[in-house]
Amino acid sequence: MNKIQFPYKRYPGAPGAPPTCRPVIPVTLFAGKGVAEFHALIDSGADPCTFPGLVAKDLGFKIEKGERRLFSGIGDSVMAYRHTTLITVAKIRLAVEVYYSHQWDDMPFGLLGQEGFFSRFSVHFDYKKKLVHLSRYSL
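Residues 20 to 158, numbered by the numbering used here, are exactly what the sequence shown covers, in order.
Just so you know, these hints were derived from the structure itself, not from any lab. Possibly wrong hints are sitting among the right ones.
[Stated by the list, open to error] Restraint ranges, calculated between C-beta atoms of paired labels, are given here: (1) Pro37 / Thr103: 33 to 41 angstroms; (2) Thr39 / His152: 28 to 36 angstroms; (3) Gly79 / Lys149: 17 to 25 angstroms; (4) Asp124 / Pro37: 25 to 33 angstroms; (5) Gln24 / Leu89: 31 to 39 angstroms.
Predicted model, so just to flag it, every value in this text is computed and none were measured. Positions of the beta carbon are idealized from the N, C-alpha and C atoms, including for glycine.
All chains should be built: construct the whole structure from the sequences, respecting the hints.
Next up, the structure:
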């Protein structure tokens, strides 16, 4: 197994609140000749991997050509579009089905979810040390 660790990334808190730390890691996304450097939150509560639509545009996707899926949660519903994307995490390249939406363009990071990410890595969150440990499952 490949073992990798990343420090949590510090983000400012809401006004009057202390900063917060999150397991956000650098990733590189590839599609055709398009390349995008971005950050992604390792999110055990997310099912698929999702990224802002601006990232899809940088990769050269015609976003609405992907398979549509409606995401619903606490806030408004979001229409997103699926595209197969190569994602590199610490020199490990994975082909992942990613959903993109322009409604997420204000998000500072994408989400790495159960489908496509947790299905390929054992993930250990060490909140006290502010580290996330990844071990790639054998193929």
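How the hints compare with the structure:
1. Pro37 / Thr103: 33 to 41 angstroms: holds, 40 angstroms
2. Thr39 / His152: 28 to 36 angstroms: violated, 20 angstroms
3. Gly79 / Lys149: 17 to 25 angstroms: Violated, at about 36 angstroms.
4. Asp124 / Pro37: 25 to 33 angstroms: holds, 27 angstroms
5. Gln24 / Leu89: 31 to 39 angstroms: At roughly 36 angstroms between Cβ atoms, Leu89 and Gln24 fall inside 31 to 39 angstroms, so the hint holds.
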